[in-house]
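Q: Take a look at the letters that make up each chain.
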Amino acid sequence: MKSITFLIIILCAGLLMSCASVPPIELINARQAYQQASSGPAAQLVPADLHKAQEALALAEKSFQDDPKSFHTRDLAYIADRKAKTAEALATTAAGNAATTKANKEYQATQTEIVKNTKEDLATAERGSAIKSEQLAVEQKARLDAEQRASDAQLEAQRVKASTDAEAMRIKDSTNAAAMKLAEQKSRDTLIVFEKGKTVVLRGINFDFNKATLTEDSETILWRAYNAMAANPDVHVVITGHTDNVGSQKSNQLLSLKRAQAVRNWLVQKGTLSSRMRTVGRGQNEPVSSNDTDEGRADNRRIEFYVQ
Amino acid sequence: MRHLNMILPAGIVLLTAVLAGCGSTQVINKDASMSAISAAEEAGASKVPSASLYLQLAKEELENAKGLVSKGDKDQAESMLLRAQADAELAIALSHGDADKTEAAQAIERVRQLRQDNQIPQKGISQ
Numbered sequence: 002m003k004s005i006t007f008l009i010i011i012l013c014a015g016l017l018m019s020c021a022s023v024p025p026i027e028l029i030n031a032r033q034a035y036q037q038a039s040s041g042p043a044a045q046l047v048p049a050d051l052h053k054a055q056e057a058l059a060l061a062e063k064s065f066q067d068d069p070k071s072f073h074t075r076d077l078a079y080i081a082d083r084k085a086k087t088a089e090a091l092a093t094t095a096a097g098n099a100a101t102t103k104a105n106k107e108y109q110a111t112q113t114e115i116v117k118n119t120k121e122d123l124a125t126a127e128r129g130s131a132i133k134s135e136q137l138a139v140e141q142k143a144r145l146d147a148e149q150r151a152s153d154a155q156l157e158a159q160r161v162k163a164s165t166d167a168e169a170m171r172i173k174d175s176t177n178a179a180a181m182k183l184a185e186q187k188s189r190d191t192l193i194v195f196e197k198g199k200t201v202v203l204r205g206i207n208f209d210f211n212k213a214t215l216t217e218d219s220e221t222i223l224w225r226a227y228n229a230m231a232a233n234p235d236v237h238v239v240i241t242g243h244t245d246n247v248g249s250q251k252s253n254q255l256l257s258l259k260r261a262q263a264v265r266n267w268l269v270q271k272g273t274l275s276s277r278m279r280t281v282g283r284g285q286n287e288p289v290s291s292n293d294t295d296e297g298r299a300d301n302r303r304i305e306f307y308v309q
Numbered sequence: 005m006r007h008l009n010m011i012l013p014a015g016i017v018l019l020t021a022v023l024a025g026c027g028s029t030q031v032i033n034k035d036a037s038m039s040a041i042s043a044a045e046e047a048g049a050s051k052v053p054s055a056s057l058y059l060q061l062a063k064e065e066l067e068n069a070k071g072l073v074s075k076g077d078k079d080q081a082e083s084m085l086l087r088a089q090a091d092a093e094l095a096i097a098l099s100h101g102d103a104d105k106t107e108a109a110q111a112i113e114r115v116r117q118l119r120q121d122n123q124i125p126q127k128g129i130s131q
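Residue numbers (this note's numbering), protein chains in the order written: chain A, 2 to 309; chain B, 5 to 131.
Calculated from the structure, these hints are not laboratory results. Quantities reported herein were computed from a predicted structural model and do not represent experimental measurements. The C-beta atom is built at its ideal place from N, Cα and C for all residues, glycine as well. A hint or two may mislead.
Stated by the list, open to error - Distance condition first, Cα-Cα at most 25 Å in a straight line; then the derived BS3-like pairs of lysine-lysine:
(1) A:K133 - A:K197
(2) B:K127 - A:K120
(3) B:K105 - A:K70
(4) B:K78 - A:K106
(5) A:K53 - B:K127
(6) B:K70 - A:K106
(7) A:K63 - B:K105
(8) A:K63 - B:K127
(9) A:K53 - B:K75
(10) B:K34 - A:K117
(11) A:K212 - A:K251
(12) A:K251 - A:K271
(13) B:K63 - A:K53
(14) A:K70 - B:K127
(15) A:K173 - A:K162
(16) A:K103 - B:K63
(17) B:K75 - A:K103
Said to hold, decoys possible - To give an idea of the chain A side of the interface with chain B (calculated C-beta under 7 Å), a few residues:
(18) Q55
(19) L60
(20) K86
(21) T87
(22) A90
(23) T93
(24) N98
(25) A100
(26) A104
(27) K106
(28) Y108
(29) Q109
(30) T113
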C-alpha cells in the first residue's frame with residue numbers, strides 16, 4: 002500500500018513536472034521565429050535587430066524558467082516572436098534596399114554602356130561614311146578620268162579622221178590633178194593633123210570678154226597647135242579669128258584680128274617661128290552656127306588654122 | 005490657531021502625496037504603443053496585407069490594455085501594451101519591406117527593360 006501510494010505520488014510529481022516543462026505556444030513560436038530569422042539574411046543585414054530579438058527571447062526563456070505559466074512568460078515570448086519577425090522583415094527591407102541600390106547602379110552602368118556603344122557605333126558610322134566618301138571620290142575621279150580619256154579619244158579620233166580626210170582629199174586632189182594633168186598632157190600630146198589646103202578649127206581657145214587676152218584653160222589646145230606646128234616644120238598657116246555678132250561689125254573685125262594675133266604671139270613665145278604664121282581677122286562675117294543661141298554664138302567664136 | 009495654520013499646508017501636501025501615489029498605481033504609459041500604432045498607420049500598414057493583420061492586433065491589444073487598466077490590472081496592462089508596441093513595430097517593418105520590395109522590383113524591371121530596348125544581353129539580376 003505504501004509502495005502504491007509512493008508510486009502515485011511519483012507519477013503525480015512527474016506529471017506536474019512534465020506539465021510545468023511544456024512551454025507555451027507563444028514561446029514555441031518565438032523560438033521558431035528566431036531560428037528562422039537568425040538563419041536568414043537578418044544576421045548579416047540587421048544584426049542589431051536580431052540581437053534585440055535574441056535578448057527578448059532570452060527574457061522569455063528566463064521567465065519561462067522562473068514562472069512557466071505566468072502571463073509575463075507568454076507576453077515576453079509573444080514580444081520575442083514579434084521582434085524576431087520584425088528583424089526578418091527589416092532584413093527583407095534591407096535586402097530590398099540593397100537590390101534597389103544595385104539595380105540603380107546597374108541602370109546607370111547600362112546607360113553608360115549604351116552611351117559608350119552609341120559613341121562607338123557613331124564613330125564606326127563616321128569611319129564608314131568617310132571611307133564611303135573616299136570611295137565615292139575615287140570613283141568620281143575615275144569616272145572623270147574615263148570621261149576625259151573618252152573625250153580625248155574622241156577628239157583624237159576626230160583629229161585623225163580630219164587628218165585622214167584631209168590626206169584623202171589631198172590624195173584625191175593630187176590624183177585628180179595628176180589625172181587632169183595627164184589628161185591635159187594627153188590632150189596636149191594629141192596631135193593635130195595638118196593637111197595642106199585644109200582648115201583646122203581650134204575650139205576651146207577662149208578670151209576674156211571683149212578682149213584679146215587668152216584664158217589659162219586655152220593653153221591645152223594651144224599646146225596641141227604648137228605640137229602640130231613643130232611636127233610639121235615646113236608648114237605655114239594662116240591664123241584666122243572669128244567672133245559672134247554681139248557688138249559692132251567694125252569692133253568685131255578688129256577684135257577677131259587681135260585674138261588671132263594673140264594666138265600667134267603665144268606660139269611664138271613657145272618657139273614657133275613667127276614667119277610661119279600669118280594672122281587674119283574675119284569678124285562676124287563667117288559664122289558657122291546661128292548667133293541666136295548661146296551654143297551657136299560659142300561655135301562662132303573660134304580660131305582657125307588654114308594650112309598653106 | 006497658529007497650529008492650525010501650520011498643520012493645514014502639511015495636510016494638503018500629505019493628501020496630495022497620497023492621491024498622487026494612488027493615482028500613479030492606475031496610470032500606465034501608453035505613449036510608446038500609440039506612437040508605434042500611429043507610425044504603422046502612416047506607413048500604410050492597413051493597405052499592406054501582411055502588415056494590416058499586425059496593425060489590427062496592436063489596436064486590439066491597446067484596447068485590451070485599456071480594459072485591464074480599468075480593471076486595475078496594471079502589470080498585465082503594461083505587458084499588453086508591450087505586445088501592442090511589438091505588433092505595431094512589426095507592422096511598420098512589413099509595410100516598409102513591402103514598399104522597398106516593390107521599389108526594388110521596379111528598379112530591376114527598369115534595368116531589364118533598358119537592356120531589352122537597347123539589345124544588351126541580360127545579366128543575372130536578383131532581388
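Q: Name the hints, by number, that the structure is in violation of.
A: 1, 3, 4, 5, 6, 7, 8, 9, 10, 12, 14, 16, 17, 18, 19, 27, 29 and 30
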